[in-house]
Amino acid sequence: MPERFSDAMRKLHFGLFIYPGGHHLAGWRHPSVAPKEILGFDYYKRAAATAERGLFDLYFVGDILAAREREGRIVAEGALNNIDSISIDSAIAAATQHIGVVATLSTTYNKPYAIAERFASLDHISGGRAGWNIITTANDDAALNFSRKTHMEKRLRYQRAKEFVDVCKGLWDSWADDALVGDRTGGCFADARKIRPLNHVGEFFSVKNPLTLPRPPQGWPVLVQAGGSQAGIDFAASTAEVVFTAQTKLAEALTFRESVESRMPEHGRDPARLRVLPGLMPIIGDTEKSALRKEEELNELLHPAVGVWMLSEQLKFRLYDFPADAELPTADIRASGNDFTPRVISLLDKADAENLSIRECGRMIAASRSHGSIVGTPEQIVDHIVSWFEAGAADGFNIMPPHFPSELDIFVDEVIPILQSRGLFRTAYEGTTLRDHLDLARPVRS
Amino acid sequence: MRLMLSVAHHGWHSGAWRINESALFQPQSLIDAAVRAEQAGFDAVIFGMPNPQFKTPGDGTAASVRFDALPLMGAAIGATMRIGLCGYWPLDIAEPFHVARVMASLDHLSGGRVGWVAGLAGQEKLLADYAHMALLAEPDAAHRAAEFISVVQKLFDSWDDQAYVADQTSGIFVDPDQVRPIMHSGAYFTVRGPLNVPRPIQGHPVIAFHDGGSEASRAAVLPLIDVLLCDLRTPDEAAQFRSQVRSQFSPSVRSSPALVIKTAMPILGRSEREALQRADELAALGTGPSPFFVGTPAGLAAELIRWLEFGACDGFDLRPAVNARDLDLICEAVVLSSPRPASRHSSDSHDTLRQSLRLARPAGYNARAI
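Same order as they appear, the protein sequences are chains G and D.
Position one of the first sequence corresponds to residue 1 (this note's numbering), numbered consecutively onward.
Position one of the second sequence corresponds to residue 447 (this note's numbering), numbered consecutively onward.
The shape of chain G in the complex, shown without the other chains (with noise of 0.2 Å):
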C-alpha cells in the first residue's frame, strides 16, 4: 500500500447515509422510530443536525426510479424508497452550515444540460456543499417508467454516463472564475470573453450554450460513484473523487481499491485524489453482549417475506416457491447466465461455503442490504474503523444506521469521541466546502 496512508496527518471521513426508517430493513419497526414522520422535512433536518453535530463530511442520498416490487406488486412488507435526493439535499443545504450534501442522479434518465444546471445551483446555494453521486442506474423495471421497452445495456449506459458527465464538466466551466466583472456603469455584467458556449456535438447529446450561471464555488460538485462492476470501476477510476462502495472484507476492500487506483494513471488521475467511503452499518451496545442482542432484536423484527424478496431481487432468481429452510439452489443460480454483481458473487460464494439456507441469506442480505456491518462497544467500532482506515482499505465510512435517530445520536456520541481522541478525526469543520472536508482540490478550468 503507498505510504500516504501512513501519514500521521491523515483523517477520517464520514458520510450519513439516509434511508427511510433506517438501514436495517426492519429497523423502522423499531419502538424509537415514529415511521409515519419519515417523509416530512423534520426527520431529515435532525438527523443532519446530528450528522454535523459529529462532524460529518457528508449527507448522502441515494436515488431510484421504480417502485419496489415483487410479482407485479408493491412490496408490503419492505421500507419505503427514498424520496427524491435533491428535494432533501437542497432543503438540508438550507437548514445546515457545513456539512457537505450528496445527492443521487442517473444518467440514463436525464439529460446533461438541466443536470448540470442543477447542480450548479446546488453548489451556489450551499455556498459550495454540493455533491453529485452518479449513477447509470442498475434495475431494469425503470426503463418501464421512461417510455423505454428494456433497460439500456450496460456498456451502453456507461458510455452515455462518460459523455454526460464531460457535457456537465464543460458547463460547469463554461464560465471562467473571474468572468463576473459587475461594471454597472459601462453595463459589463460579465466579461463575454470568459463565458464560453459549449458547442458539444457528441454520440448522446449535442449541447451548444454556456450555463447561466457563474462556475459553481467548487468549480464542480464533488464527483461520487457508487457501482463496484468492472464497468463501474472504469468509470470511476476515470471520474470518481469519492467512491462509495459494499465491501464486508478488508482484503477485498483493498483488492477493490487497487483495481481502481491502478487504472487511475491511465486517465491522467493522481490515485491521492481518491477517497473511498464503504457503506457501514454499526450496531452499538455498552457492552458485546448488548450490542448483539440489538442485533438479534432488530433480526427478529424483520418479515421473513422481505428476506426471500430482496434476494430474489437481487440473485434475479425467483425463490419465492422454494421452502425457507432449503439451501439456497447456487447451482441454479449461476445457471441462470445473469450479469451478477461483485457482491451477489460473494453471497453465493458465502452460500456454497456454509451451506446456507433461503432464510439465512435472506437475513444476511437484508440486515445491512449486504454492506459491512459491525456489532459491538464503541470501542469495537472504533478497532474496526481505524484498522480498515490504516491499511488503506478505506479513508472513511458512509455510515448507515439500523435505524434513525436514535442509533445515529450513540455513533456520534460515543464513537466520534473517542477517533478524535486518538486525533483520527477532525474536532472543528476547517474549511468551508465539501472539497475542503474531503480535502480534494477545487478542479482548474480546463
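If you're looking for bench data, these hints aren't it; they were derived computationally from the structure.
Quantities reported herein were computed from a predicted structural model and do not represent experimental measurements.
We put the CB at the ideal spot given by N, CA and C, even for glycine.
Any given hint could be a false lead.
[As the list claims (entries may be wrong)] Only pairs whose alpha carbons sit at most 25 Å apart, straight line, appear in this in silico PhoX-like list of lysine-lysine:
(1) G:Lys154 with G:Lys111
(2) G:Lys149 with G:Lys162
(3) D:Lys571 with G:Lys11
(4) G:Lys249 with G:Lys194
(5) G:Lys249 with G:Lys11
(6) G:Lys149 with G:Lys208
(7) G:Lys194 with G:Lys169
(8) D:Lys571 with G:Lys194
(9) G:Lys154 with G:Lys11
(10) G:Lys294 with G:Lys149
(11) D:Lys571 with G:Lys162
(12) G:Lys111 with G:Lys249
(13) D:Lys571 with G:Lys111
(14) G:Lys208 with G:Lys162
(15) G:Lys208 with D:Lys571
[What the hints assert, rightly or not] DEER-style ranges, computed between Cβ atoms:
(16) D:Gln485 with G:Val386: 48 to 54 Å
(17) D:Ala577 with G:Gly423: 51 to 57 Å
(18) G:Ala335 with D:Ala809: 48 to 54 Å
(19) G:Ser446 with D:Ala577: 50 to 56 Å
(20) D:Gln485 with G:Gln230: 53 to 59 Å
(21) G:Thr150 with D:Asn466: 57 to 63 Å
Following the hints, position chain D against chain G.
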C-alpha cells in the same frame, strides 16, 4: 385575490443589476425574497421562470443569471412556514416520472405547499441544448404537453391516500391493494408506474401552466391544470379571456375552472414622481417588459383591486422590476390590497397551497374509477 411572486435574480428588468442597491450575485437573495413574500401574505412564490428579456446566456451585457427551480424550492422549505413554493419545470425537456417523483417529494417535505409550473422551453432552447431530443411542432407539442400532465396526475394517484400504512406491529409498510401501476400507454409516453412516493399531501401538488403564447398548447392543457399564468394587456381583454376559460370548463373533469393569474411587473416608488424617475432610469439601462403599473404601493393596490373587481383575473403573478427596490414596495401594496392578518395562521399549523388558493383537493384513483 390570489397573489404570487415570481422571483428572479436582481429582478425582472434587464437593467436591474445596474442599480446600485442590487447585489451582483447573491443566491441567498432568492430565498430571502420568499421569506419576505411570506411576511406580506403572498400565497406563493415562483422560482425559475423564464425571462424573455435575457437572450443568449453569456452575451455579457445582460445579467442572464437563472437558477434551476428545484434546489431553490427545496432550500425555501426550511426558511418558510406557510407560503406556497412553486417552480418552473418545462415539460418538453422533462420526463413525467421525474416531475411526479420530485413534486411529490417536495410536497411531503414542505407539508403540502408545492406547485409545479409547467410550460414549454420551446424550439430554440431544444435545438440549442437538447438537440439530441426529438423536436415537436404544434399541434404535436400541445398533445404531448397534455399527455405529460395527465401521466403526472395518474402517477400521483397511483397510491391511495391511506396506502402508506407503516404498521410497526404487523410489519406491513404499504398496503399493496392501495397501490397500483398506471399502465399508461399513449402517443408520446409509455409509463408503467406506480410512483415510488406516497400520494402527495395535496393529492396533487398545484399544477400551473405558463402560457408561452401557443394557443394550441393552452387549449390542450386547460382542462387539466389548476392555474394559468398569462400576460393579459387590458382589463377588457383579460375579462373576455377569463370568461372564455370559464365557459369551456367542464365540471365532469374538474371541480373548478383554472384560475387565471395575470403576470405583472410594476415599477414602484415612494411617490409617483420617484416611480416615474425609476422607470426612466431603468429604460435607459436596459430593456424590460412594459410595466403593468408605475406609481406608489397604494396606487398599485388600487389597480390590482380594479382588475379583480372587473372580473379580469383571479389574481396576479407579481414580478419586481428591481428586487432591491420593488420587493418591499410590492409587499406593501399586497398588504394594502388584501389584508391578511398574520393571526389567521396559528404558528403550529399552516394551510396547504391548495387551501391558500381555494382549490379543491383532487379525489384519488377510486373516485376517478367511479
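Against the structure, the hints:
Of the pairs offered as hints, the one joining G:Lys154 and G:Lys111 holds, with about 18 Å between alpha carbons and a cut-off of 25 Å not exceeded. For the suggested pair G:Lys149 and G:Lys162, the alpha carbons sit about 23 Å apart, so the restraint of at most 25 Å is met. For a cut-off of 25 Å, the pair hint linking D:Lys571 to G:Lys11 is broken: about 46 Å separates their Cα positions. Between G:Lys249 and G:Lys194, the direct Cα distance comes to roughly 49 Å. Violation of the 25 Å bound is thereby established for this hinted pair.
Only pairs whose Cα atoms come within 25 Å are accepted, and G:Lys249 paired with G:Lys11 is accepted, the gap being roughly 21 Å. As the CA atoms of G:Lys149 and G:Lys208 are separated by approximately 30 Å, the hinted pair breaks the 25 Å bound. With a CA separation close to 16 Å, the supplied pair G:Lys194 and G:Lys169 stays within the 25 Å bound. Of the pairs offered as hints, the one joining D:Lys571 and G:Lys194 holds, with about 22 Å between alpha carbons and a cut-off of 25 Å not exceeded.
Using a Cα cut-off of 25 Å, the hinted pair G:Lys154 and G:Lys11 is violated, with the two alpha carbons roughly 35 Å apart. A hinted pair counts as satisfied when its Cα atoms are at most 25 Å apart, and G:Lys294 with G:Lys149 does not qualify at roughly 45 Å. Of the pairs offered as hints, the one joining D:Lys571 and G:Lys162 holds, with about 24 Å between alpha carbons and a cut-off of 25 Å not exceeded. A hinted pair counts as satisfied when its Cα atoms are at most 25 Å apart, and G:Lys111 with G:Lys249 does not qualify at roughly 37 Å.
Using a Cα cut-off of 25 Å, the hinted pair D:Lys571 and G:Lys111 holds, with the two alpha carbons roughly 13 Å apart. Proposed proximity of G:Lys208 and G:Lys162 is supported: the alpha carbons are some 18 Å apart, at most 25 Å. A hinted pair counts as satisfied when its Cα atoms are at most 25 Å apart, and G:Lys208 with D:Lys571 qualifies at roughly 10 Å. Between D:Gln485 and G:Val386 the C-beta distance comes to about 51 Å, which sits within the given range of 48 to 54 Å.
Look at D:Ala577 against G:Gly423: about 54 Å separates their beta carbons, and that is inside 51 to 57 Å. Under the hint 48 to 54 Å, the C-beta atoms of G:Ala335 and D:Ala809, about 50 Å apart, fit the expected range. A hinted range of 50 to 56 Å for the beta carbons of G:Ser446 and D:Ala577 is inconsistent with their spacing of about 23 Å. Against the hinted window of 53 to 59 Å, the Cβ-Cβ separation of D:Gln485 and G:Gln230 comes to about 56 Å, which satisfies the hint.
Take G:Thr150 and D:Asn466: their Cβ atoms lie about 58 Å apart, and the range 57 to 63 Å holds.
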